[in-house]
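S.K.: Residue numbers (my numbering), protein chains in the order written: chain A, 1 to 234; chain B, 1 to 266.
Heads up, a few of these hints could be off.
Calculated cross-link-like contacts (lysine to aspartate or glutamate; reagent style EDC-like; alpha-carbon spacing at most 16 Å) [to be verified]: (1) B:K90 to B:E36; (2) A:K13 to B:E36; (3) A:K2 to B:D51; (4) B:K90 to B:E113; (5) A:K2 to B:E232; (6) B:K90 to B:E60; (7) B:K198 to B:E232; (8) B:K29 to B:E60; (9) A:K13 to B:D43; (10) A:K13 to B:D51; (11) A:K204 to A:D47; (12) A:K2 to B:D58; (13) B:K188 to B:D229.
Computed, partial: chain B to chain A, Cβ under 8 Å [as the list claims (entries may be wrong)]: (14) R14; (15) K16; (16) Y18; (17) E22; (18) K29; (19) L40; (20) Y41; (21) Y42; (22) Y52; (23) L59; (24) R63.
Hints are computed from structural coordinates only; laboratory data are not their basis. Cβ coordinates follow ideal geometry from the N, Cα and C atoms, glycine included.
If you want the building blocks of each chain, they are given just below.
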Amino acid sequence: MKQVIHIFEKEFKTYFVSPVAYIVISIFLLVTGWFFFMTFFLFNQADLRNFFALLPIAFSFVVPAITMRLFSEELNVGSYEILLTMPVTFRQVVLGKYLASVVFVVALLIPTLAYPVTVALLGELDWGPVLGGYIGAVLLGAAFSAIGLFASSLTRSQIIAFITGMAICFSLTLIDKMLFFLPQILLGILQYLGADYHFRNISKGILDSRDVLYFLSVSFIGLYGTHLSLQEKS
Amino acid sequence: MLTGYLRPTAGTIRVKDYTINEHTLEIKKLLGYLPESAPLYYDMLVYDYLDYVANMRDLERNRRISRIRGMGDLCGLNDVMHKSIGELSKGFKQRVGLAHAMLSDPEILVLDEPTLGLDPNQIVEIRDIIRRIGKEKTIILSTHILSEAEAACDRIVIIHQGKIVADSVTETLKQSVSGESTIYISLKNADFESVRKKLGPVEGIVSLMPIGQEDDTLNVKVTCQSSEDLREDLYRRIKRTSWILLELHQETKSLESIFQELTKES
Numbered sequence: 001m002k003q004v005i006h007i008f009e010k011e012f013k014t015y016f017v018s019p020v021a022y023i024v025i026s027i028f029l030l031v032t033g034w035f036f037f038m039t040f041f042l043f044n045q046a047d048l049r050n051f052f053a054l055l056p057i058a059f060s061f062v063v064p065a066i067t068m069r070l071f072s073e074e075l076n077v078g079s080y081e082i083l084l085t086m087p088v089t090f091r092q093v094v095l096g097k098y099l100a101s102v103v104f105v106v107a108l109l110i111p112t113l114a115y116p117v118t119v120a121l122l123g124e125l126d127w128g129p130v131l132g133g134y135i136g137a138v139l140l141g142a143a144f145s146a147i148g149l150f151a152s153s154l155t156r157s158q159i160i161a162f163i164t165g166m167a168i169c170f171s172l173t174l175i176d177k178m179l180f181f182l183p184q185i186l187l188g189i190l191q192y193l194g195a196d197y198h199f200r201n202i203s204k205g206i207l208d209s210r211d212v213l214y215f216l217s218v219s220f221i222g223l224y225g226t227h228l229s230l231q232e233k234s
Numbered sequence: 001m002l003t004g005y006l007r008p009t010a011g012t013i014r015v016k017d018y019t020i021n022e023h024t025l026e027i028k029k030l031l032g033y034l035p036e037s038a039p040l041y042y043d044m045l046v047y048d049y050l051d052y053v054a055n056m057r058d059l060e061r062n063r064r065i066s067r068i069r070g071m072g073d074l075c076g077l078n079d080v081m082h083k084s085i086g087e088l089s090k091g092f093k094q095r096v097g098l099a100h101a102m103l104s105d106p107e108i109l110v111l112d113e114p115t116l117g118l119d120p121n122q123i124v125e126i127r128d129i130i131r132r133i134g135k136e137k138t139i140i141l142s143t144h145i146l147s148e149a150e151a152a153c154d155r156i157v158i159i160h161q162g163k164i165v166a167d168s169v170t171e172t173l174k175q176s177v178s179g180e181s182t183i184y185i186s187l188k189n190a191d192f193e194s195v196r197k198k199l200g201p202v203e204g205i206v207s208l209m210p211i212g213q214e215d216d217t218l219n220v221k222v223t224c225q226s227s228e229d230l231r232e233d234l235y236r237r238i239k240r241t242s243w244i245l246l247e248l249h250q251e252t253k254s255l256e257s258i259f260q261e262l263t264k265e266s
């Protein structure tokens, strides 16, 4: 467990030592801020529905950008060899890096708390869906982190890691929007696979165990895949 | 494989009572490893990096600080502790790698090409460090530079295509293979025929061979059994003639030629 924390600390610090963190955070805030407030005053409603509706798509770009360097860079520079010869297990390495990414997603969301506060000043804000939305956002970020981490463990190139991760996250987000092409029978199953579908449920303020379970299982599959891909490499 | 980076496809490795497949963690704890060309985290500060490594190796706080200080002194890193690793020169990176390997005071050090890409001064420095530590610790040094191995190691194992072709103490290795040694002589005012007549009968000589004549200087290669030193005898004989001796030197076989011989045979 100690090792996990040390790896987490190191990775998390590295984000903020290099410009990566600041670039990613500013782009994220800029994009979500712009799209949210562009229509906010037109609707004239004091809620954050539009902001949360935007999140899955924004996350499917931003989160793979956060996770892309975690393994790819180490594989490329060769420091992976150093990491593995230290007294750690694969599981500790994976968990440490995953944790760093999840906490980074949380750090990314903190500045956006300004939005609900602003909205609450302008009108009556229902805090229930907002709280649900943030819980959902963290879960969504965690699931996408696991996917991004898996993509990163596959290749030495950060760009390929980013694109692979983004492709998977993006398809998970959009899968339930493509359903009208498909026969009725598949509908239920595919809808259940959609990340956006589960996220929407939570951001309505309904914390259903099925939705939570969905994000946890996506995380688990991602992490397990990472673990397997690392074992394959040695 | 020994360091836990690769998994053996067959067979096993034993370190003390541990086997690599079952006790990977325990073995990793015993070892310090410097990979070839010391790949490192370029974004980190030297101090942060060493601190991270010390943490990962479970050193408690006080010992961590004192070990990092100690490594800073030993490897000459004190001036660069607060620079980021990416800024350092190759030599310093190598030293950071060395400090990393030795930080937890491991019983066994595995060094892969520790002097690769360094300038001669740095090579001497690193070699010095290695020899200093070698007094107390087991060091396994892997290198292609044989003079390096000769200078630093007590025991040499030569591996050719995955098979051990030689394994012995450095001195014995040098003697065992070289059954013959070579003496080079340069003479003025001499022709090969008379040289052969004069020197041929010396006991222990296997063959005499001219290897070139420039102006009036004759170069002769004398192959002889290495058990005896023939230089004295040869000199006495030359002294009696009217030749002028310009050069006479004996070549003991270098590890390079031993290596060539061993790997060619197999």
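S.K.: Look at each hint and say if it fits the structure.
M.R.: Each hint, compared with the structure:
A hinted pair counts as satisfied when its Cα atoms are at most 16 Å apart, and K90 of chain B with E36 of chain B qualifies at roughly 12 Å. A threshold of 16 Å between alpha carbons decides the hint, and for K13 of chain A with E36 of chain B the separation of about 27 Å lies outside it, so the pair is violated. For the hint linking K2 of chain A to D51 of chain B, the alpha-carbon distance of about 14 Å falls within 16 Å, and the restraint holds. For the proposed pair K90 of chain B and E113 of chain B, the alpha carbon gap of about 13 Å is at most 16 Å, so the pair holds.
Proximity of K2 of chain A to E232 of chain B is assessed by CA-CA distance (about 69 Å); at most 16 Å being required, the pair is judged violated. Distance check on the hinted pair: K90 of chain B and E60 of chain B sit about 30 Å apart at the alpha-carbon level, beyond 16 Å; violated. For the hint linking K198 of chain B to E232 of chain B, the alpha-carbon distance of about 15 Å falls within 16 Å, and the restraint holds. Restraint check for K29 of chain B and E60 of chain B: the C-alpha separation of about 15 Å stays at or below 16 Å, so the hint holds.
Taking the CA atoms of K13 of chain A and D43 of chain B, the gap is about 10 Å. The hint holds against a cut of 16 Å. Taking the CA atoms of K13 of chain A and D51 of chain B, the gap is about 13 Å. The hint holds against a cut of 16 Å. Restraint check for K204 of chain A and D47 of chain A: satisfied, since their Cα atoms lie roughly 11 Å apart, inside the 16 Å limit. Restraint check for K2 of chain A and D58 of chain B: satisfied, since their Cα atoms lie roughly 8 Å apart, inside the 16 Å limit.
The suggested pairing of K188 of chain B with D229 of chain B is violated, with an alpha-carbon distance near 23 Å, which exceeds 16 Å. About 18 Å separates the beta-carbon of R14 of chain B from the nearest beta-carbon of chain A, more than 8 Å, and the hint is not met. Interface restraint check for K16 of chain B: the shortest CB-CB distance to chain A comes to about 15 Å, outside 8 Å, so the restraint is violated. Because the smallest distance between the Cβ of Y18 of chain B and any Cβ of chain A comes to about 12 Å, over 8 Å, the interface hint for this residue is violated.
With a cut of 8 Å, the hint placing E22 of chain B at the interface with chain A is violated, because the nearest CB-to-CB distance is about 13 Å. This hint holds: K29 of chain B has a C-beta 5 Å from the nearest C-beta of chain A, less than the 8 Å allowed. Interface restraint check for L40 of chain B: the shortest CB-CB distance to chain A comes to about 6 Å, inside 8 Å, so the restraint holds. Hint on Y41 of chain B holds. Least Cβ distance to chain A is approximately 6 Å, under the 8 Å limit.
For Y42 of chain B, the interface hint holds, the least distance from its beta-carbon to any beta-carbon of chain A being 7 Å, beneath 8 Å. Interface restraint check: Y52 of chain B against chain A, minimum CB-CB distance 5 Å, threshold 8 Å, status holds. Annotation: interface hint on L59 of chain B violated; nearest CB of chain A at approximately 11 Å, more than 8 Å. For R63 of chain B, the interface hint is violated, since its Cβ never comes within 8 Å of a Cβ in chain A; the closest pair sits about 15 Å apart.
Against the hints set out earlier in the document, violations occur for numbers 2, 5, 6, 13, 14, 15, 16, 17, 23 and 24.
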